[in-house]
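Take a look at the letters that make up each chain.
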Amino acid sequence: MDITASEYEDQADVSDKEEAVEKNLIGESAARLQRRRKIVQGVLFTLFRLGAAINGIALFIIIFFVFKNGMEAISWTFLTEEPTDSMTRGGIFPCIVGTLCLGMGAIIAALPIGVASAIYLNEYARPGCMLRIIRLGISNLAGVPSVVFGLFGLAFFCVMLKMGVSILAGALTLAVLTLPVIIGSTEEALKAVPDTYREASLALGATKWQTISRVVLPTALPGILTGAILGLSRAAGETAPIMFTGAVFFAPGKFPSSISDSVMALPYHIYVLATAGTEIIKTRPLQYGTAIVLITLVLGMNLGAIIWRSRLRRRLK
Amino acid sequence: MVEKRQITEKMMQIFFFCIASASITILFLIMIFLFKEGLPILNTVSVKEFLFGEYWYPTSEPADFGIFSLIVASLAVTFLSALISVPLGVMTAIYLAEIASHKVGEIVKPLVELLAALPSVVIGFFGMVLVAPFLQEVFDVPTGLNLFNAALMLAFMAVPTICSISEDAIHSVPVALKEASLALGATHLETIIKVIIPASISGICTGIILGMSRAVGETMVVLMIAGGAAMVPESVFDPVRPMPASIASEMGEAPIGSDHYYALFATGIVLFILTLIFNIIADYITNKYRQVGEASL
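From first to last, the protein sequence lines are chains D and E. At position 3 of the first sequence the residue is numbered 3 (my numbering), and the sequence of numbers has no breaks. At position 19 of the second sequence the residue is numbered 1019 (my numbering), and the sequence of numbers has no breaks.
Hints in this document: simulated from the structure, not taken from any laboratory. You may find that some hints are simply not true.
The calculated lysine-lysine pairs, modelled on PhoX-like cross-linking and capped at a C-alpha distance of 20 Å, are [to be verified]:
hint, chain 1, residue 1, chain 2, residue 2
1, E, Lys1178, D, Lys208
2, E, Lys1010, D, Lys38
3, E, Lys1010, D, Lys162
4, E, Lys1194, D, Lys208
5, D, Lys38, E, Lys1036
6, D, Lys282, D, Lys68
7, D, Lys208, D, Lys191
8, E, Lys1194, E, Lys1178
Quick caveat: nothing in here was measured; it's all calculated off a predicted structure.
Sequences are here, hints too, so could you generate the full structure?
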């Protein structure tokens, strides 16, 4: 079979064209695929955004409804008076005082221990079995259910150490619960101190303890205090640990007279009024009002700590 | 002089070590006291009767101490809430770590932290007075205080835990892996699904387990909105009585040293062991599958 030159060219031409068409097809299907991949990405990314948005929306809905329904209950008397008419009227001043007592007590007990633990973990400890065990202990302590802390506080502080239901027992129970929070944030603060600071101090002949107490701790102090605020807000918002150890439905007087007194506390007050009181519907405004005070107290402290922390981070960068 | 300084140094180190052991000591104390106050119940009922007994009538005569329905309720609430919190938490984490611009991230992240900071009693109160009537009307069920409501509220308490731990894990994936995938022509989404998530899966699992552990142990929410009926649930709209709720609501009435008191501590032991298992698994995963550089992929 002889093929003339022109025929050959024709054939070549045809195959060229075919190739071109094929290329075009590939190009088109590739473009289509590309578009599809982009669309899938767009859809899923929107889904992720939605997921993230739901959290924010949930937070806003909770805060919005509580404030909307409770704002009318908030007044000067509500904030500064004692409850009257067998808890159906009056204020929640003793609850605010009680919550502050319990929270501050917890921080006073937990802060020194927490900071010292973090110093050991970050400055002294060498990697090894002992460090693993201590870390496991801390992470497990952080995971203990709050009601179990309550049981522990009841059995150990109230019964065994004979503290009874008191500020002391409640605050110590809360201290145990906030310990992991404080250790965690103090460690973060210590890690943020640049190693060059330590090295400079050691090079000048300071001992390790001198370095820690005069260089590392002062630099890390703001971060540690942020952690203390976070711990305080955590302690102030907890209910289950103080139910059997420190908080009671009613305590007479505006201020507790000693640390062995039991107190009223905001979270416990909400719980009792909303579930166990005799006039659940009648006291609803009081419940909302107490919830507002608690939310403001806890979220206010948290927000402050978050803002302060982000400023610190920027400065250390 | 030098010697004295060295002695002080050594003393300081020992001192800090002792304090750092406080956490582990406290953990042991918690265990000892739970067992001390909980084990006497075994004089009244056997372990099998206690764990698998269907009836929880601690105050009737003769009393029944079977916490099977409480355990089932706790697990049901936890798994149902995980169905909501796991997708939500992981999606939020991916969004924060990969998709969100720095500015948006700076706003969304604190919001998630604030969600975590909301006192549980407030979430319980919200679920009780606002979500419960809503559910009752929408789903036409006898009570809005039920398994579903509790799981829904718990989910929002678990999301921040899942989200923050997963986000850290995603952040710690080496940039080189991501860049390699993008250079091969994968889209951002394909990179996330086929490279970044597999590389950070251990951290994500840790987050999920710790989130579930938080849901198991959460007290106020289930106390206020789970309904409180000690029975094995048949549908998601049945009222239930998870273990923490039972302990919290009955401890006030149980006289110290009574069988009821011991039974509640024993329930505490079960709860404690359950969360301990969750935490140890999480710790094991973190340490075993820790991503070290790019080597382990």
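How the hints compare with the structure:
A threshold of 20 Å between alpha carbons decides the hint, and for lysine 1178 of chain E with lysine 208 of chain D the separation of about 41 Å lies outside it, so the pair is violated. A distance of roughly 62 Å separates the Cα atoms of lysine 1010 of chain E and lysine 38 of chain D; the hinted pair therefore is violated under the 20 Å criterion. About 37 Å separates the Cα atoms of lysine 1010 of chain E and lysine 162 of chain D, which puts this hinted pair outside 20 Å; it is violated. About 47 Å separates the Cα atoms of lysine 1194 of chain E and lysine 208 of chain D, which puts this hinted pair outside 20 Å; it is violated.
Distance restraint check for lysine 38 of chain D and lysine 1036 of chain E: the Cα-Cα separation of roughly 62 Å exceeds the 20 Å cut-off, and the hinted pair is therefore not satisfied. Taking the CA atoms of lysine 282 of chain D and lysine 68 of chain D, the gap is about 17 Å. The hint holds against a cut of 20 Å. As the CA atoms of lysine 208 of chain D and lysine 191 of chain D are separated by approximately 16 Å, the hinted pair is consistent with the 20 Å bound. Straight-line distance between C-alpha atoms of lysine 1194 of chain E and lysine 1178 of chain E comes to about 10 Å, which keeps the hinted pair within the 20 Å bound.
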